[in-house]
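Participant: One-letter residues, chain by chain:
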Amino acid sequence: MRKLFVYLKEYRKECVLGPLFKLLEASLELFVPMVVAAVIDRGIAFADHGYIVRMSLLLVGFGLAGLAFSVTAQYFSAKAAIGFVTRLRHALYAHVQTFSHRTLDTIGISTLITRMTSDMNQVQTGLNLTLRLLLRSPFVVFGAMLMAFTIDAKAALWFLAVIPALSLVVFGIMLVSIPLYRRVQEKLDAVLGSARENLNGVRVLRAFRREAAEQASFGEKNTALTRNQRRVGRVSALMNPITLVIIDLAVLGLLRTGSLRVNAGLLTQGAVVALYHYMGQILVELIKLANLIINVTKAVACGKRIQAVLDVEEPQTVEPELPKGDPSLRVELRDAGIRYHGSAADALSGIDLRVKPGQTVGLIGGTGSGKSTLVSLIPRFYTATSGAVFVDGTDVRAWDPSALRQKIGFVPQKAVLFHGTIRENLLWGNEAASDDEILTAASLAQASDVLAAKGGLDGVVEQFGRNLSGGQRQRLTIARALVRRPEILILDDSASALDFATDAALRKALRSLDYDPTVFLVSQRTSTVRSADQILVLDDGKAVGLGTHDELLRSCPVYREIYDSQFRKEGQDETAR
Amino acid sequence: MKRQDNKKAPKGTLRKILALLRPYRIWIVLSVLFSAVSVAGSLYVPICVGRIIDCILGPGQVYFRRIADWMLRIAAVVGVTALCQWAYGAMNNRVTYQVVHDVRAQAFAKLQILPFRYLDNHPVGEIVSRLIADVDQFADGLLLGFTQLFTGVVTILGTLAFMISIRPLIALAVVVLTPLSFVAARFIASHTHRFFLVQSEARADQTAFLDEMLGSQKLVKAFGREARSVEDFDRLNETLQTVSRKAVFFSSLTNPVTRFVNSVVYAVVVLTGALLCVSTAGTGSVFTVGALSALLSYANQYTKPFNEISGVITEFQNALACAGRIFALLEETSEQPDSPDAKVLTDCKGCVSLRDVRFSYDPAQSLIEDLDLTVQSGQRIAIVGPTGCGKTTLINLLMRFYDADGGSISVDGTDVRDLTRESLRASYGMVLQETWLRSGTIRENLILGKPDASDDEIIAACKQAHAWSFIRRLPQGLDTVIGEDGGSLSQGQKQLLCIARVMLCLPPMLILDEATSSIDTRTEINIQKAFSTMMQGRTSFIVAHRLSTIRDADRILVMNRGRVIEIGTHETLLAQDGFYAKLYNSQFAQ
Numbered sequence: 001m002r003k004l005f006v007y008l009k010e011y012r013k014e015c016v017l018g019p020l021f022k023l024l025e026a027s028l029e030l031f032v033p034m035v036v037a038a039v040i041d042r043g044i045a046f047a048d049h050g051y052i053v054r055m056s057l058l059l060v061g062f063g064l065a066g067l068a069f070s071v072t073a074q075y076f077s078a079k080a081a082i083g084f085v086t087r088l089r090h091a092l093y094a095h096v097q098t099f100s101h102r103t104l105d106t107i108g109i110s111t112l113i114t115r116m117t118s119d120m121n122q123v124q125t126g127l128n129l130t131l132r133l134l135l136r137s138p139f140v141v142f143g144a145m146l147m148a149f150t151i152d153a154k155a156a157l158w159f160l161a162v163i164p165a166l167s168l169v170v171f172g173i174m175l176v177s178i179p180l181y182r183r184v185q186e187k188l189d190a191v192l193g194s195a196r197e198n199l200n201g202v203r204v205l206r207a208f209r210r211e212a213a214e215q216a217s218f219g220e221k222n223t224a225l226t227r228n229q230r231r232v233g234r235v236s237a238l239m240n241p242i243t244l245v246i247i248d249l250a251v252l253g254l255l256r257t258g259s260l261r262v263n264a265g266l267l268t269q270g271a272v273v274a275l276y277h278y279m280g281q282i283l284v285e286l287i288k289l290a291n292l293i294i295n296v297t298k299a300v301a302c303g304k305r306i307q308a309v310l311d312v313e314e315p316q317t318v319e320p321e322l323p324k325g326d327p328s329l330r331v332e333l334r335d336a337g338i339r340y341h342g343s344a345a346d347a348l349s350g351i352d353l354r355v356k357p358g359q360t361v362g363l364i365g366g367t368g369s370g371k372s373t374l375v376s377l378i379p380r381f382y383t384a385t386s387g388a389v390f391v392d393g394t395d396v397r398a399w400d401p402s403a404l405r406q407k408i409g410f411v412p413q414k415a416v417l418f419h420g421t422i423r424e425n426l427l428w429g430n431e432a433a434s435d436d437e438i439l440t441a442a443s444l445a446q447a448s449d450v451l452a453a454k455g456g457l458d459g460v461v462e463q464f465g466r467n468l469s470g471g472q473r474q475r476l477t478i479a480r481a482l483v484r485r486p487e488i489l490i491l492d493d494s495a496s497a498l499d500f501a502t503d504a505a506l507r508k509a510l511r512s513l514d515y516d517p518t519v520f521l522v523s524q525r526t527s528t529v530r531s532a533d534q535i536l537v538l539d540d541g542k543a544v545g546l547g548t549h550d551e552l553l554r555s556c557p558v559y560r561e562i563y564d565s566q567f568r569k570e571g572q573d574e575t576a577r
Numbered sequence: 001m002k003r004q005d006n007k008k009a010p011k012g013t014l015r016k017i018l019a020l021l022r023p024y025r026i027w028i029v030l031s032v033l034f035s036a037v038s039v040a041g042s043l044y045v046p047i048c049v050g051r052i053i054d055c056i057l058g059p060g061q062v063y064f065r066r067i068a069d070w071m072l073r074i075a076a077v078v079g080v081t082a083l084c085q086w087a088y089g090a091m092n093n094r095v096t097y098q099v100v101h102d103v104r105a106q107a108f109a110k111l112q113i114l115p116f117r118y119l120d121n122h123p124v125g126e127i128v129s130r131l132i133a134d135v136d137q138f139a140d141g142l143l144l145g146f147t148q149l150f151t152g153v154v155t156i157l158g159t160l161a162f163m164i165s166i167r168p169l170i171a172l173a174v175v176v177l178t179p180l181s182f183v184a185a186r187f188i189a190s191h192t193h194r195f196f197l198v199q200s201e202a203r204a205d206q207t208a209f210l211d212e213m214l215g216s217q218k219l220v221k222a223f224g225r226e227a228r229s230v231e232d233f234d235r236l237n238e239t240l241q242t243v244s245r246k247a248v249f250f251s252s253l254t255n256p257v258t259r260f261v262n263s264v265v266y267a268v269v270v271l272t273g274a275l276l277c278v279s280t281a282g283t284g285s286v287f288t289v290g291a292l293s294a295l296l297s298y299a300n301q302y303t304k305p306f307n308e309i310s311g312v313i314t315e316f317q318n319a320l321a322c323a324g325r326i327f328a329l330l331e332e333t334s335e336q337p338d339s340p341d342a343k344v345l346t347d348c349k350g351c352v353s354l355r356d357v358r359f360s361y362d363p364a365q366s367l368i369e370d371l372d373l374t375v376q377s378g379q380r381i382a383i384v385g386p387t388g389c390g391k392t393t394l395i396n397l398l399m400r401f402y403d404a405d406g407g408s409i410s411v412d413g414t415d416v417r418d419l420t421r422e423s424l425r426a427s428y429g430m431v432l433q434e435t436w437l438r439s440g441t442i443r444e445n446l447i448l449g450k451p452d453a454s455d456d457e458i459i460a461a462c463k464q465a466h467a468w469s470f471i472r473r474l475p476q477g478l479d480t481v482i483g484e485d486g487g488s489l490s491q492g493q494k495q496l497l498c499i500a501r502v503m504l505c506l507p508p509m510l511i512l513d514e515a516t517s518s519i520d521t522r523t524e525i526n527i528q529k530a531f532s533t534m535m536q537g538r539t540s541f542i543v544a545h546r547l548s549t550i551r552d553a554d555r556i557l558v559m560n561r562g563r564v565i566e567i568g569t570h571e572t573l574l575a576q577d578g579f580y581a582k583l584y585n586s587q588f589a590q
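Residue numbers (the numbering used here), protein chains in the order written: chain A, 1 to 577; chain B, 1 to 590.
Hints were generated in silico from the structure; no laboratory data involved.
Note that the Cβ used here is the ideal one computed from N, Cα and C, for glycine as well.
Mixed in with the good hints there might be a few duds.
Distance condition first, Cα-Cα at most 30 Å in a straight line; then the derived BS3-like pairs of lysine-lysine [to be verified]:
1) A:Lys-221 - A:Lys-298
2) A:Lys-187 - B:Lys-110
3) A:Lys-221 - B:Lys-16
4) B:Lys-246 - A:Lys-13
5) A:Lys-9 - B:Lys-246
To give a feel for the contact side, a few chain A residues facing chain B, derived at Cβ under 8 Å [as the list claims (entries may be wrong)]:
6) Val-60
7) Leu-129
8) Asn-198
9) Gln-215
10) Gln-269
11) Ile-287
12) His-419
13) Thr-421
Using the sequences provided together with the hints, build the complete structure.
Facilitator: Encoded structure:
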């Protein structure tokens, strides 16, 4: 948690002024019973009308001053809390930008979104309340006691007895009930999970005729929840009656002591009234404090979760001596492999591949064979855990990641676009591209008709590209990579939603590019890779074939199997074509 | 998600709520009584204290006997009040949680008999939120809100009565002034409302941005857009800061302002009370210092219930809306129950015939029309078509998840509507491509169809399903716990489990869905083998993606856009040169 306070530094002034003004307001409140005592002992006792009026006006004055103080306090604490969270959000977002793919996989995107949104809001509320109230309540409690001591030390002893007793009850009940509430939350999660599971699996459950059994198991969870709710209810229902008894017993004691002291001429009637009112103030503030602590606990938990993400650092491993690659090759993989974090087996192992500038490489294999993993090693989205990957003869670990990625146009498997115009989306590839360059890239990517249909470069793309079809999105993501005029173009199964004619036209356009990029084509279709200069066949993370289409048909059984399943209709004639 | 139609007919909703509360009416009546007593008690204490203060006038002027009497009275009143407070708190808890329990149980029972027509049209999240969030909100707002409202009103009336009994004039001053705090709070609330609107818009913008950007963080990195995306985020962040500051600050003015009004009321009571004390001194109706003290206590707490009530009323409306949504769910038309003379399907041969079957999800858009199909015992029917072609529609009709709108479907010569749903569904084994596994052990997942299966039976089924080799290697074998949706299992393994599940009870008819792409070759071969073991001598409906399956089928049903457009064998359909021929050529040819 402590690290978070760095972001509060800028608001040090507000963090002091907020509580300070709140305390000023609270001290005014503490003077009110004294004024009332004075009205009774002097105004009423001596029938001093003028004094009564002046004192009443003083009370109104207190109210006005209190209003001014607390408005000021609210202003400062709102400013500090919101400013703090704004800084923190920025820091967290910027920090997330430094995460590697591996870290992103470990933490999970949905976790990050929760941290950035609901956890942040909770922290903001918690801090705001803390600045306003955390000091105020104890201040009023102890202030009331101090005032009581200034009135009469002997009577004030009752305060000394009551405050610990009340604190014990209020915080004791809180302490007992917090874990119970947690149990309730667990049981509620179980009920929720049970309902969701039942709905998600409704077809299977009804097919297996499990309705009655489901109802029984839901009933158990439901009853367990109710039992726990009632248990915590029983505990918290004790709070009001017990505090009431304690306070009123103390009032009786106070009146008893007070009456003896007044009889002995040591105390006035007004002072007794004032003491009685101080007693009332204590209870109200203690209960407020207990509620506040619950809120602050929640905020602290959220703060810790945010802190945990901020604490995630990318491991900085310095390679002692990186091997040198063949400088005549654009991309080289030398015995490269990777085992994903927390995984028991290699996702890819022992891959050797030598790619000259301008060559086209096909990557083919079943799902999970490691095709996408292989291409993600080239821009170093993931770092190879064995062997080495070179670009232009330099180990990718020696490249500055952004300079490396600047050379590469990457078209991901999942075609994702962003809210904005088509132009804004395509500029991702190259901020400096002119409209002409963008249009050229779009036409190469066979996306001209998408532009025509969606209103040109200024056509609006909705969030996640929802308003476009899968094929339209794919062509735009290809255009986005081409806008960069990359030296290396990676298409990670990026033509799967295209029909055969468009796919063929796209491959033809790629061959015609004047800057002659090195192309990696990942695909499940042999038709997509068949004209590549070399085709790497992957099976279960290992290379099982490397060569041209014709070579592989002869030498690689896996490749032939894939080809047959797509073209030959299992030993039958080829009449269908 | 608030809907417009929630506001209407609250009267009906109230009546239904009362019906829910009926079993607990004794507790409710007692709770109301006890809370009334406890409010009266807590209002009476300041008066008693006032009386004691009047007995403490000055040195030598303290009346200890009378003080002792009043103290005894206070002790007794406090004892009773505390007991009543505890009692009504406990009773409210009991009623609230019990009602919640009842409503949830009813709603869940309802889910078991709701037709698929309803379930398919309502997102799971929405139904779950009715069952969980709405029920909670309903309980909190309505039941706990009710007690707060009740004690609040009683406190206000009681305070008024006590104040009037002490001094009507001062009571009048308080009554005239207090609504001011009410008005002030309302004024602030209505004026800060627009700041809140702006804030929630800014917040929504930021969340949408985060959803999009963090969701595609890897892409951001691929294009080296890290710095740029921080810039974009900061713009939204600054806007949010500006509008939040306004919203939070202005809304936090309510408390100081009402407190100020409160202190004015307090000052007025001090002024008028003290002046009265002075002017009535020595007259017949003395206004004592003790009475003033009691009035001051009241003035302090008089405005509190007002603020509480205004909060409670909004919650109350919200709770009514939630209750309305819950009742809407409870009152949905259930699945048509089995007719009383429905037969139990036994010794099913697996002859299925569809005659003139007509069906559509939406009356305005007809889907299946005049579908005729006769399937002999043991035949294989392949269902072919592009994704989203409506293969589930056919499964829905066969399993009677939906009933046909016209025509008839019969099994072994009996119309399915004359069979019990239970026995019909028991005659089908179903393996869908969207595998569903529950959180629990592998064993719990496997015995869904045969809860009393022995380990030997389970293992035999797993072996037949080619699932045993991977289950065996799991850390706890059959007792390995998997999360909802299979957790760490691969898609192929999940499907093998689903096959083993059916293998265990192996019914006479099968509905199978071949996997498309997400499975590695080896597992796929295993699945194929498992499928063919199962299909031996069983009537099977297969949603087919593999050429071999299609070619081996006795009949092929070609579907497109929800309709069955062609029926025949591979050869006749190719000869027809229709949709099937086109599909065949595009999917399996170059």
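Participant: Below or equal to 30 Å on CA atoms is what counts here, so check Lys-9 (chain A) against Lys-246 (chain B).
Facilitator: 22 Å, holds
Participant: Hey, Lys-187 (chain A) versus Lys-110 (chain B), does the alpha-carbon distance stay inside 30 Å?
Facilitator: 21 Å, holds
Participant: Closer than 8 Å between Cβ atoms is the bar; does Ile-287 (chain A) clear it against chain B? Give me holds or violated.
Facilitator: Since the shortest Cβ distance to chain B is 12 Å, the answer is violated.
Participant: Grab the minimum C-beta distance from Thr-421 (chain A) to chain B and call the hint holds if it beats 8 Å, violated otherwise.
Facilitator: With a closest approach of 14 Å, the Thr-421 (chain A) hint is violated.
Participant: With a cut-off of 8 Å on the beta carbons, see whether Gln-269 (chain A) makes it to chain B.
Facilitator: Where the cut-off is 8 Å and the nearest Cβ of chain B is about 6 Å from Gln-269 (chain A), the hint holds.
Participant: Minimum Cβ distance from Gln-215 (chain A) to chain B below 8 Å?
Facilitator: 6 Å, holds
Participant: So, as I understand it, the hint says His-419 (chain A) touches chain B; can you test that by seeing if any CB pair is closer than 8 Å?
Facilitator: Hint on His-419 (chain A): holds, closest Cβ of chain B at ~6 Å, below 8 Å.
Participant: Between the alpha carbons of Lys-246 (chain B) and Lys-13 (chain A), is the straight-line distance 30 Å or under?
Facilitator: Distance of about 19 Å is within 30 Å: holds.
Participant: For the pair we were handed, Lys-221 (chain A) and Lys-298 (chain A), check the Cα-Cα distance against 30 Å.
Facilitator: Holds, at roughly 26 Å.
Participant: Are Leu-129 (chain A) and chain B close enough, Cβ to Cβ, to be under 8 Å, as the hint says?
Facilitator: 10 Å, violated
Participant: Does Val-60 (chain A) pass the interface check with chain B, least Cβ-Cβ distance below 8 Å?
Facilitator: 5 Å, holds
Participant: Mind checking the alpha carbons of Lys-221 (chain A) and Lys-16 (chain B) for me, to see if they're no more than 30 Å apart?
Facilitator: 25 Å, holds
The earlier numbered hints that this structure contradicts are 7, 11, 13.
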